[in-house]
Amino acid sequence: MSRIAPCAARAREQERGLLIPYLVAGDPDFATTLALMRELVARGADMIELGIPFSDPSSDGPVIQRGVERALAGGATLAGVLELARRFRDQDGRTPVILMGYLNPIEIMGYGEFTAGCARAGVDGVLVVDMPLAEAGDLPALLAGQGIDRIFLVSPTTAPCRAREIIEYTSGYLYYVSLKGVTGAALEDRESVAGNIAGLRKLTDLPIIIGFGIRDEETALAMNALGDGVIIGSALVEKIEALPPEATRHPEAIGEAAELIGRVRRALDHDGKRVS
Amino acid sequence: MPEPAPELGAEFAGPDENGHFGPYGGVFVGETLVRAVAELAEAYASLSAKPEFWREFDVDLADYVGRPSPLYLAERLSEAWGGARIWLKREDLNHTGAHKVNNTIGQALLAKHMGKTRLIAETGAGQHGVASATVAARMGLECHVYMGAEDIVRQAPNVYRMKLLGARVIAVESGSRTLKDAMNEALRDWATHVDDTYYIIGTVAGPHPYPRMVRDFQSVIGREARRQFLERTGVLPDALVACVGGGSNAIGLFHPFLGDSDVAMYGVEAAGRGLDTPDHAAPLCAGRPGVLHGNRTYLMVDEHGQILDTHSVSAGLDYPGVGPEHAWLKDLERVRYVGATDRETLEAFHQLTRLEGIIPALESSHALAWAGRLAAKMKSGQNLLVNLSGRGDKDIEAVARLEGADFGTA
Numbered sequence: 001m002s003r004i005a006p007c008a009a010r011a012r013e014q015e016r017g018l019l020i021p022y023l024v025a026g027d028p029d030f031a032t033t034l035a036l037m038r039e040l041v042a043r044g045a046d047m048i049e050l051g052i053p054f055s056d057p058s059s060d061g062p063v064i065q066r067g068v069e070r071a072l073a074g075g076a077t078l079a080g081v082l083e084l085a086r087r088f089r090d091q092d093g094r095t096p097v098i099l100m101g102y103l104n105p106i107e108i109m110g111y112g113e114f115t116a117g118c119a120r121a122g123v124d125g126v127l128v129v130d131m132p133l134a135e136a137g138d139l140p141a142l143l144a145g146q147g148i149d150r151i152f153l154v155s156p157t158t159a160p161c162r163a164r165e166i167i168e169y170t171s172g173y174l175y176y177v178s179l180k181g182v183t184g185a186a187l188e189d190r191e192s193v194a195g196n197i198a199g200l201r202k203l204t205d206l207p208i209i210i211g212f213g214i215r216d217e218e219t220a221l222a223m224n225a226l227g228d229g230v231i232i233g234s235a236l237v238e239k240i241e242a243l244p245p246e247a248t249r250h251p252e253a254i255g256e257a258a259e260l261i262g263r264v265r266r267a268l269d270h271d272g273k274r275v276s
Numbered sequence: 001m002p003e004p005a006p007e008l009g010a011e012f013a014g015p016d017e018n019g020h021f022g023p024y025g026g027v028f029v030g031e032t033l034v035r036a037v038a039e040l041a042e043a044y045a046s047l048s049a050k051p052e053f054w055r056e057f058d059v060d061l062a063d064y065v066g067r068p069s070p071l072y073l074a075e076r077l078s079e080a081w082g083g084a085r086i087w088l089k090r091e092d093l094n095h096t097g098a099h100k101v102n103n104t105i106g107q108a109l110l111a112k113h114m115g116k117t118r119l120i121a122e123t124g125a126g127q128h129g130v131a132s133a134t135v136a137a138r139m140g141l142e143c144h145v146y147m148g149a150e151d152i153v154r155q156a157p158n159v160y161r162m163k164l165l166g167a168r169v170i171a172v173e174s175g176s177r178t179l180k181d182a183m184n185e186a187l188r189d190w191a192t193h194v195d196d197t198y199y200i201i202g203t204v205a206g207p208h209p210y211p212r213m214v215r216d217f218q219s220v221i222g223r224e225a226r227r228q229f230l231e232r233t234g235v236l237p238d239a240l241v242a243c244v245g246g247g248s249n250a251i252g253l254f255h256p257f258l259g260d261s262d263v264a265m266y267g268v269e270a271a272g273r274g275l276d277t278p279d280h281a282a283p284l285c286a287g288r289p290g291v292l293h294g295n296r297t298y299l300m301v302d303e304h305g306q307i308l309d310t311h312s313v314s315a316g317l318d319y320p321g322v323g324p325e326h327a328w329l330k331d332l333e334r335v336r337y338v339g340a341t342d343r344e345t346l347e348a349f350h351q352l353t354r355l356e357g358i359i360p361a362l363e364s365s366h367a368l369a370w371a372g373r374l375a376a377k378m379k380s381g382q383n384l385l386v387n388l389s390g391r392g393d394k395d396i397e398a399v400a401r402l403e404g405a406d407f408g409t410a
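Listed in order, the protein sequences are those of chains A and B. At the far end of the first sequence sits residue 276, using the numbering used here, and the numbering has no gaps. At the far end of the second sequence sits residue 410, using the numbering used here, and the numbering has no gaps.
These aren't lab readings, by the way, just hints derived from the structure by calculation. Ideal Cβ positions, reconstructed from N, Cα and C, are used throughout, including at glycine. There may be inaccurate statements among the hints.
Across the chosen pairs, the derived CB separations fall in these ranges [unchecked claim]: (1) A:Asp138 with B:Gln382: 45 to 51 Å; (2) A:Glu188 with B:Glu17: 34 to 40 Å; (3) B:Gly66 with A:Asp138: 46 to 52 Å; (4) B:His350 with A:Arg87: 57 to 63 Å; (5) B:Leu8 with A:Asp90: 54 to 60 Å; (6) B:Val59 with A:Glu113: 51 to 57 Å.
Just chain A, with the same shape it has in the complex (with noise of 0.2 Å):
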């Protein structure tokens, strides 16, 4: 079963925003995301969302792009991804990873053997950014079979009906993109995030977390006022680019890179929420 909901509800219960690091899998090479991985967790990240890379990323802003080029130039593939996951699972039970990517490599690898990899692996959710539920086909299905959650996203141009739709097939915690526009823009018009964060709470009891142009504390502590928590990503990859040649080997360095999620979580938590 999923660890997503179980990990939402401890955070609920100790009224703390959720914080779910992205980083590209295997960016830029597998050893290294595993040790980011382990870090990110001791830092208080809540959950990883593990990206899949694709040669084609159309919804993600150049500083992605960019960490997805380099995971496909050490030879990342969605089976390597799965693998990761794996590792990843043996040495943490309990923090849920999130696998986020676009549909080709699923498509071309099947929709059993995907899924019947990620029961495998122990990842607890599934995002396809470009596969809208209407084009879904037995996916959803199949992932349920397994106990893995499906996180769909909403963005500031979907209608009502359609929103209510999407969560009647979203499980885990849905993901509000908070902006017109691609991973890593900068977060402009804070008053619509709140609005229509409004709006959802009215359709759905689960955790509604905010993604896009949150980068530092600042921007984490205004978005995580809103909804249940944030997810980080382009700030964190651009970290990851820094990186020197054979990160494994600097420990100090791939501390320093997940160090930002230490920044943010010390920040949610002392955000005059109530900190267990």
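Fit chain B to the supplied structure of chain A, relying on the hints for placement.
Below, chain B alone, put in the same frame as chain A:
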């Protein structure tokens, strides 16, 4: 009166209301674009049901594009190849030099009706970029064209043409720096400026409604050709040949003939250095189905689902996907998809230039190369219609470079 085209069988009647041609097509986009794509589908469905919209379109095609484009019997070429008589549908004579403008005229009308003030486009060879910049200039709209950095080098004259027309050309440095990456970048732009921006896709690919809408605009080619051919000869052609990158000129020619079961059809993909090498751009000949740029279709893809780098002498065919309707027509075996190599293409380019005084685009030269092989196997009384989709002015520097000729000396 020309014979009306027969009713289309159900298998050719696609797409369905969700944009599917059999298992292909559909709407595979990020959530931010779902509403924009749906609004576009609604706007197109409502406008295309109105005769006034098509009247406006036809007037623009006549007075601005110069349609109908001629149907030309290439006698010296027919003689040289032996066998069938070769007819050329002269899309190269359109304003801006290719079939691309048929589509940009239609989509610009749609953009105007939808109240959008900013146009964006992707381009490979630059023909669609030029056609988009042209309609933007004419309508006083802002225009941004995404073009792979490698294509900018290959197609310098078109880049300058777009700038003269007032468009901003944005070099795309990501990925393989060609058409597919330009399309990724245009999709990112659209998601960012979704309220005021209209994305003019240049081919019959992308999310629904683009494959259908672009086909409808380009079908003027086949409707005219069918009428012209019947008027001139009293019969239908025995075979149609068109090049296929995304496939807009091919579907434009083929679609009005789909119900004519005696008319054979050949879509010619870019075989580059050969279909048995990795250096080509022929997803229908040598690829497999997957999902890219909003639709499910045949793709050039590796066993891990990564899109492969493509190669073609012609920038306009250098794309790893193809329109979903072509994928479906391949599976139905209604159209046969074949390849022409760079070398065969350059030979055909020179043949048409020397024998008929027509310099064809390198894209269209792929169709000619296959037509030459096909014609030789056909009987002398038979007729072969080739879509000459564009003119080759943009390519002469590239050809000179490829062949080591001196450009600019007598």
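Verification of the supplied hints:
1. The hinted range of 45 to 51 Å is satisfied by Asp138 (chain A) and Gln382 (chain B), whose Cβ atoms lie roughly 48 Å apart.
2. Taken as a hint, the range 34 to 40 Å holds for the pair Glu188 (chain A) and Glu17 (chain B), whose Cβ atoms sit roughly 36 Å apart.
3. Range check, Gly66 (chain B) to Asp138 (chain A): about 50 Å between beta-carbon atoms, so the 46 to 52 Å window is met.
4. Distance hint for His350 (chain B) and Arg87 (chain A): a CB-CB separation of about 58 Å, consistent with the stated range 57 to 63 Å.
5. Checking the proposed 54 to 60 Å range against Leu8 (chain B) and Asp90 (chain A) shows it holds: the Cβ atoms sit about 57 Å from each other.
6. Under the hint 51 to 57 Å, the C-beta atoms of Val59 (chain B) and Glu113 (chain A), about 55 Å apart, fit the expected range.
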